[in-house]
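Please put together the full structure from these sequences, using the hints given.
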Amino acid sequence: MNQFERDLRESLRRREPPADFAAKVLARTRDTEVRSVFSWRWLAVAALVALMVSGTLFIQKQQQQVENERSKEQLMVALRITGSKMKDVQDRLNAIQQRMVRLQGIQ
Amino acid sequence: MRKFGFVILMLVARIASAQKIDLKALDKIGINASSKTEMNMDGAALKSAANTLSEKNGDEAIAKKTVENLTGFYMRAYEFDKKGSFNIEDLKPILDQLKEPDWKPIIRVQEKGELTEIWIHSTKGEPDGMVLIAAEEDEVVVMNGVGVTNLSDLTALGKMNALK
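So the protein sequences, as listed, match chains A and B. The number in this note's numbering is simply the position in the first sequence, starting from 1, with 1 added. The number in this note's numbering is simply the position in the second sequence, starting from 1, with 1 added.
Just so you know, these hints were derived from the structure itself, not from any lab. Among the clues, some could well be false.
[To be verified] Dumping the calculated DSS-like pairs for lysine-lysine here, alpha-carbon to alpha-carbon at most 27 Å:
#	chain 1	residue 1	chain 2	residue 2
1	B	105	A	88
2	B	37	B	65
3	A	88	B	65
4	A	88	B	57
5	A	25	B	57
6	B	100	A	88
Since the structure is predicted, the reported quantities are computational estimates derived from the model, not experimental observations.
In structure tokens form, the structure reads like this:
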């Protein structure tokens, strides 16, 4: 057996792990799991909050659109009534004017 | 000094709302109406409604142009099933608010139980408000337009299609 073989054998020799090796590995695994679950939970909460906020904004926008549409319809009705009354006034004035012209003609 | 400021503020508020008349007296008339249209739109509400009006649609374009300069639009329009459900005397609280020199009647026609009046409000000689009163035996319309400077703006509304 030469020096090289001796070094190789020494290097590949079975070594026993320290007594608390298994416990340490298990502890680290648990820690990583907890940390990972923790971040996923926050991510889910953030997603939920974002969903709720965007949902609320969407509903508010829809309500605002409905409200604007209703105001528009009401305004159009009111303006049509005003227009029709203005036309009535014009017609009435024209009728009065014609009556006066007729009376002047008779006189 | 604070009192003086308050008085100035009240004075400004009074001048600013002088073109707006109180239509509360008409609520009593509206109780018996078979059909009613009541509208209270201040400048902000008018602006928001005007933003939804299309310039391409004929009627809406006329409406948009009319309300462009308005800072208030208030209306009570009541129709009654039976003639005589409403008395022209009931309009006295409204007519009492229209006093010269700020308010001037442009048209006053009263015949056969019908009343038509158009009043214009002026501030420093410039027209800035209007009231239209049209009453028949079975119908009454009172419209108060704040910021109306030209009657022809409202006359253009007559070109709109009849009530849909």
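Structure-based check of each hint:
{"no.": "1", "hint": "B:105 / A:88", "verdict": "21 Å, holds"}
{"no.": "2", "hint": "B:37 / B:65", "verdict": "23 Å, holds"}
{"no.": "3", "hint": "A:88 / B:65", "verdict": "19 Å, holds"}
{"no.": "4", "hint": "A:88 / B:57", "verdict": "24 Å, holds"}
{"no.": "5", "hint": "A:25 / B:57", "verdict": "76 Å, violated"}
{"no.": "6", "hint": "B:100 / A:88", "verdict": "25 Å, holds"}
Hint 5 from the list above is the single one not met by this structure.
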